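Here the protein sequences line up with chains S and G, keeping their order.
Heads up, the first sequence is in this note's numbering, so the first residue is 155 and it goes up one at a time.
Heads up, the second sequence is in this note's numbering, so the first residue is 16 and it goes up one at a time.
Be careful, since some hints might not be right.
Only pairs whose alpha carbons sit at most 30 Å apart, straight line, appear in this in silico BS3-like list of lysine-lysine [stated by the list, open to error]:
| no. | chain 1 | residue 1 | chain 2 | residue 2 |
| --- | --- | --- | --- | --- |
| 1 | G | 148 | G | 64 |
| 2 | S | 265 | G | 148 |
| 3 | G | 148 | S | 264 |
For the record, the hints were derived by calculation from the structure and aren't laboratory data.
Nothing here was measured: the structure is a model prediction, and the numbers come from that model.
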Amino acid sequence: MLETFAALAEPNRFRIVELLRSGPRAVNDIGERLRLTQPQVSKHLRVLKESGLVDVEPRAQQRVYELRAQPLRQLHQWLERYRQLWDARFEELDELIDELTRKEKLDDRKKRK
Amino acid sequence: MIARNESEAARRNQTSMELVGDREIVISRTFNGPARVVFDAWTRPELVKRWWAPESRRVAMASCDAEVRVGGTYRYVLRLNAGKEFAFSGKYLEVTPPARLVYTEIFEPTAAGTNPDDDGVIVTVTFEERDGKTHLVSHSLCPSKEVRDTIIASGMEHGMRETMDQLDELVASLA
């Protein structure tokens with residue numbers, strides 16, 4: 155998961171992933187669209203491939219890169235789990251705050267009497 | 016009972032989480048109570064005990080101590096079902112009730128052998144009251160991107176790559 159995150163943290167790699175969402179593309183196509191040189195694109199694609207975010211498939215004379223959904227899904231779940239921990243805490247905190255707020259109002263009324 | 020649950024879910028405030036830059040985690044939430052109540056619930060040990068280890072996550076609070084003043088320290092200990100304990104501790108850098116709180120946060124299994132100058136994560140919590148409700152923003156600034164990502168990976172506040180094995184059991188209980 156850390157590899158997925160590290161791979162996506164580089165802005166140009168993130169742009170490549172965004173571009174591949176619309177479908178598989180060849181290396182030169184990616185370079186042209188994102189205005190990156192072929193060595194740059196190849197370097198980024200290598201990192202993305204190592205992290206499992208893309209797959210490569212030779213097609214005629216070209217190497218075509220395709221996005222893999224699985225690591226992205228895992229990344230989402232990974233973030234979601236952390237959010238859910240806080241959500242669970244906050245649900246209990248809601249109850250406590252309700253209770254304390256009600257108690258405070260009650261105490262105020264008693265004081266006024 | 017079901018109807019009650021549904022209406023509770025409908026009125027429940029949403030928790031939002033955002034990763035900012037490489038080293039920050041921002042969590043925000045609105046609570047249906049005044050800021051002084053939320054601030055108390057966030058800081059007073061006898062109240063923290065009631066929410067910090069959510070029952071649904073099968074962890075319990077073994078102990079909870081805090082001296083909430085600038086320079087004061089806190090230590091929260093979690094106990095897993097299996098009996099294993101994990102502690103979070105730190106020091107208060109700024110205490111401005113009921114509006115703002117700044118403290119360091121260290122996950123103790125990782126503290127040994129780390130740089131003594133390293134204060135761990137710096138957490139800034141702001142409480143903004145409007146119409147009797149409080150909007151809370153908790154902002155964690157991590158010493159590095161790696162720490163930030165590992166915190167999230169572990170589903171816990173803190174943790175470092177070296178202790179991932181130790182964390183496994185904890186994570187399993189929180190997942």
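Problem set entry | Hints not upheld, ascending by number | Violated hints: none; all satisfied.
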